[in-house]
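Please work from the sequences and hints to get the whole structure.
Residue numbers (the UniProt record's numbering), protein chains in the order written: chain F, 1 to 345; chain C, 1 to 166; chain D, 1 to 168.
The hints are simulated quantities; they were obtained by calculation from the structure and are not laboratory data. Here the structure is a predicted model, which means the values were calculated and not measured. Glycine residues also receive a C-beta, built at the ideal position from the N, C-alpha and C atoms. Treat each hint with caution, since some may be false.
[Unchecked claim] Cross-link-like lysine-lysine pairs, in silico, DSS-like; alpha carbons within 25 Å at most:
1. Lys24/D to Lys144/F
2. Lys101/C to Lys61/F
3. Lys322/F to Lys14/C
4. Lys322/F to Lys29/C
5. Lys90/D to Lys75/F
6. Lys155/C to Lys101/C
[As the list claims (entries may be wrong)] To list a few chain F residues with every Cβ distance to chain D over 10 Å, as calculated:
7. Arg32
8. Lys107
9. Leu129
10. Ile136
11. Ile151
12. Ile158
13. Leu178
14. Leu202
15. Met273
16. Thr275
17. Leu284
18. Phe285
19. Thr307
20. Pro326
21. Asn343
Here is how the chains run, residue by residue.
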Amino acid sequence: MDTNFVIEKFILVTVIFAISLVIAMYSTYAERKVAAFLQDRLGPDRAGPFGILQPLADGVKMFMKEEIIPSSSNKWLFLVGPGLAMLCACIGTAVIPWGQDITINGKVMPLQVTDINVGLLYIFGVVSLGVYGIMIGGWASNNKFSLLSAIRAASQNISYEIAMGLSIIALLLVTNTLSLKSIVEQQSSWHWNVIYQPLGFLIFMVCSFAETNRAPFDLPECEAELNGGYHMEYSSMKLGFYLFAEYINMFVSSTVMATLYFGGYNYPGMDYMATILGPFWAPLFGSFIFFMKIFAFIFFFMWVRWTIPRFRYDQLMNLGWKVLIPLAIANIVITGIVIALVNNF
Amino acid sequence: MESLSNKKKVLEQKSLNLAERMYLPVIAKGLATTISHFFKKSATIKYPEQEREFSLNWRGMHSLKRDEEGRERCTACGLCALSCPAEAITMIAAERKNDEKHLYREEKYAVVYEINMLRCIFCGLCEEACPKEAIYLDGPIVPADYLRKNFIYGKDKLVEAPLEVK
Amino acid sequence: MGTSVFYFVATLSIFFALMVIFAKNPIHSVLYLILTFFTFTVHYVLLNAQFLAVVNFIVYMGAIMVLFLFVLMLLNLNKENEPNKTALIKVIGVVAGGCLFITLAGSLKAVSINNPLTLSNPNIGLVENLGKELFGPFMLPFELSSILLLSAMVGAVLLTKKEEKDNG
Numbered sequence: 001m002d003t004n005f006v007i008e009k010f011i012l013v014t015v016i017f018a019i020s021l022v023i024a025m026y027s028t029y030a031e032r033k034v035a036a037f038l039q040d041r042l043g044p045d046r047a048g049p050f051g052i053l054q055p056l057a058d059g060v061k062m063f064m065k066e067e068i069i070p071s072s073s074n075k076w077l078f079l080v081g082p083g084l085a086m087l088c089a090c091i092g093t094a095v096i097p098w099g100q101d102i103t104i105n106g107k108v109m110p111l112q113v114t115d116i117n118v119g120l121l122y123i124f125g126v127v128s129l130g131v132y133g134i135m136i137g138g139w140a141s142n143n144k145f146s147l148l149s150a151i152r153a154a155s156q157n158i159s160y161e162i163a164m165g166l167s168i169i170a171l172l173l174v175t176n177t178l179s180l181k182s183i184v185e186q187q188s189s190w191h192w193n194v195i196y197q198p199l200g201f202l203i204f205m206v207c208s209f210a211e212t213n214r215a216p217f218d219l220p221e222c223e224a225e226l227n228g229g230y231h232m233e234y235s236s237m238k239l240g241f242y243l244f245a246e247y248i249n250m251f252v253s254s255t256v257m258a259t260l261y262f263g264g265y266n267y268p269g270m271d272y273m274a275t276i277l278g279p280f281w282a283p284l285f286g287s288f289i290f291f292m293k294i295f296a297f298i299f300f301f302m303w304v305r306w307t308i309p310r311f312r313y314d315q316l317m318n319l320g321w322k323v324l325i326p327l328a329i330a331n332i333v334i335t336g337i338v339i340a341l342v343n344n345f
Numbered sequence: 001m002e003s004l005s006n007k008k009k010v011l012e013q014k015s016l017n018l019a020e021r022m023y024l025p026v027i028a029k030g031l032a033t034t035i036s037h038f039f040k041k042s043a044t045i046k047y048p049e050q051e052r053e054f055s056l057n058w059r060g061m062h063s064l065k066r067d068e069e070g071r072e073r074c075t076a077c078g079l080c081a082l083s084c085p086a087e088a089i090t091m092i093a094a095e096r097k098n099d100e101k102h103l104y105r106e107e108k109y110a111v112v113y114e115i116n117m118l119r120c121i122f123c124g125l126c127e128e129a130c131p132k133e134a135i136y137l138d139g140p141i142v143p144a145d146y147l148r149k150n151f152i153y154g155k156d157k158l159v160e161a162p163l164e165v166k
Numbered sequence: 001m002g003t004s005v006f007y008f009v010a011t012l013s014i015f016f017a018l019m020v021i022f023a024k025n026p027i028h029s030v031l032y033l034i035l036t037f038f039t040f041t042v043h044y045v046l047l048n049a050q051f052l053a054v055v056n057f058i059v060y061m062g063a064i065m066v067l068f069l070f071v072l073m074l075l076n077l078n079k080e081n082e083p084n085k086t087a088l089i090k091v092i093g094v095v096a097g098g099c100l101f102i103t104l105a106g107s108l109k110a111v112s113i114n115n116p117l118t119l120s121n122p123n124i125g126l127v128e129n130l131g132k133e134l135f136g137p138f139m140l141p142f143e144l145s146s147i148l149l150l151s152a153m154v155g156a157v158l159l160t161k162k163e164e165k166d167n168g
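And the structure:
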């Protein structure tokens, strides 16, 4: 391995990590602002102009809080829980192609940390691993409510993972590859997968709402029934980690949806723009478009949160098992038939 | 049972049709409702910088009034303290000296006049009881403080500023 | 470098596998099992079998072990309500464990005689090659198992539907 390669990747990883943390940080601010605007309020506006320093204030508050570890808890696992939640949230960004290959001083550099040929499955695996953070934290708290909530989270995630995996299979029938870079390259200009897989996208989106534990599927942190949820024994920055991991998860889910179904960094008229902007600015503009798509999805996450009330637990399971899974299977069958017809006639 | 009025409305419980069972149309409707609020003007008033106008019958902090010549109107009769349901008002009366005629209108005046703002319920009965039209609850909101003793307002805070000679 | 990584990960997997057995708390046992599976995933990656690695990651670590943990957390595992093990069960346990040990020792001996296996195609583990292999020579068993899994899934959905009918 040559040193340039290592340095290049190190810089890329650092930049991506910083960007995802900053976006997650400002998602907390955006969440409160969006909630306020949707409810005819102003939202936080005291810390800095328009309250843009609010995330910093929140962070300082979280760090300054007293840290309490329940005496009857399993200390080691109690510490592992939030760390695992954070880790699983962060490593998902490794296989995302953030833009076209960029040329700096005549040197071509890919804007992707690694292009493994099972990238899609890797993301799927990381997402499915995320539930361990919640389960371990909930169990180690040694509290009935935390445990119930952790078990809810686990069963919810397993149920919706099935439908999510099935919707991805239909997508794979269209793309014929598991590498995220190839999937994005296939969607050049306006050939976005959402046009070919509208039902698959809908199922995937509903499932990613459930996987990130966002409203209307935020049952693991139900104030009314569970006194707060799996993190009720947590305080200080350990609680902060759990809450923060949720926002990073939301960012990663938005990224994956934009990559798989909305063409990633592709946009109509990109070939024309490439001739104007040149090999350095055109990929950056593509990344900019990509981030706009991601922000649109994050906004949609928040918009839905302040619109739809929480599902009841049996409704959640009904939706997952009786509606989404049969729909996803039907989607696979229809996609398969259409592809067979198109290829043969 | 026969209903006496015809106001009773019998609700029919129909099973949901396909569009309703799909959730999606209703969700889209809900999303449209919330996004329409996104562009509405917010009702918030940024309090310390902006203040709302008080209504005409607003009762706020008390003030002890002066007459046209700038003399205090209060004669320390104690009717306000007597009428106060929260027993928030106390006072000590004294006789006016000859050289104090320009300060107090009546021959008897209040040396000490204290209202405990933590007890006061802003009912306005002192205002009604006062025969000299000396006390009115026409001030702003009583400001917050950290110590209980700071909520006992003496004459220094209650008596309105003397009229300026123009 | 590859060999040293292998020995490191192999030591870890043996250590975690032993911890699965020796851990007193069943939950800890399951967590160690998850770690063991994780080291297996690393082994698959070292063998250039990326697809197997990821599937092991998703299916075993992500789904099956979650279910294990799920069930164990729901059980009330105390020292008091642990069932008494009779002498017969103990004997059966020793015999079964001994059989497994003998099988392992035998297979280890068999392996040591064989020549080290070299793959004709080192990229067989990549998705494309694996897919061609599965849909070529192994078409029938692969399709049969997929039908089995599909029927299990449809059955699971049907089970939820049937209950509704009974309740009216």
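How the hints compare with the structure:
Between Lys24/D and Lys144/F the CA atoms are separated by roughly 22 Å; this keeps the pair inside 25 Å, and the hint holds. Using a Cα cut-off of 25 Å, the hinted pair Lys101/C and Lys61/F is violated, with the two alpha carbons roughly 60 Å apart. In summary, the hint linking Lys322/F to Lys14/C is supported, as the alpha carbons are separated by about 22 Å, within the 25 Å threshold. For the given pair, Lys322/F sits about 24 Å from Lys29/C by alpha-carbon distance, which is consistent with the 25 Å threshold.
For the hint pairing Lys90/D with Lys75/F, the CA-to-CA distance comes to about 34 Å; that exceeds 25 Å, so the pair is violated. Restraint check: the Cα-Cα separation between Lys155/C and Lys101/C comes to about 18 Å, which is no more than 25 Å; the hinted pair holds. For Arg32/F, the condition that its CB be more than 10 Å from all CB atoms of chain D holds, with the nearest at approximately 32 Å. The beta carbon of Lys107/F sits about 27 Å from the closest Cβ of chain D, which is more than 10 Å, so the claim that it is off the interface holds.
Not every C-beta of chain D lies more than 10 Å from that of Leu129/F, the closest at about 6 Å, which undercuts listing it as non-interface. Listed as a non-interface residue, Ile136/F fails to keep its Cβ farther than 10 Å from every Cβ of chain D; the least gap is roughly 7 Å. Under the 10 Å C-beta cut-off, the non-interface status given to Ile151/F relative to chain D is violated; the minimum distance is some 6 Å. Not every CB of chain D is more than 10 Å from the CB of Ile158/F (nearest about 6 Å), against its label as outside the interface.
With a least CB separation of 6 Å from chain D, Leu178/F falls inside the 10 Å interface cut-off, contrary to its annotation. Even its closest Cβ contact with chain D, about 19 Å, leaves Leu202/F beyond 10 Å, as expected for a residue assigned away from the interface. Consistency note on Met273/F: stated as away from chain D, and its beta-carbon is indeed over 10 Å from all of that chain's, at 33 Å minimum. Here Thr275/F stays apart from chain D, with its beta-carbon at least about 34 Å from theirs, past the 10 Å limit.
For Leu284/F, the shortest C-beta to C-beta distance to chain D comes to about 31 Å, beyond the 10 Å cut-off, and the non-interface label holds. Every CB of chain D is more than 10 Å from the CB of Phe285/F (nearest about 32 Å), matching its label as outside the interface. Against the 10 Å criterion, Thr307/F stays outside the reach of chain D, whose nearest CB is about 28 Å from its own CB. For Pro326/F, the non-interface assignment is contradicted: its Cβ lies about 6 Å from the closest Cβ of chain D, within the 10 Å cut-off.
Chain D leaves Asn343/F outside its interface by the beta-carbon criterion, the shortest separation being 15 Å against a cut-off of 10 Å.
Going through the hint list in order, the structure does not satisfy hints 2, 5, 9, 10, 11, 12, 13, 20.
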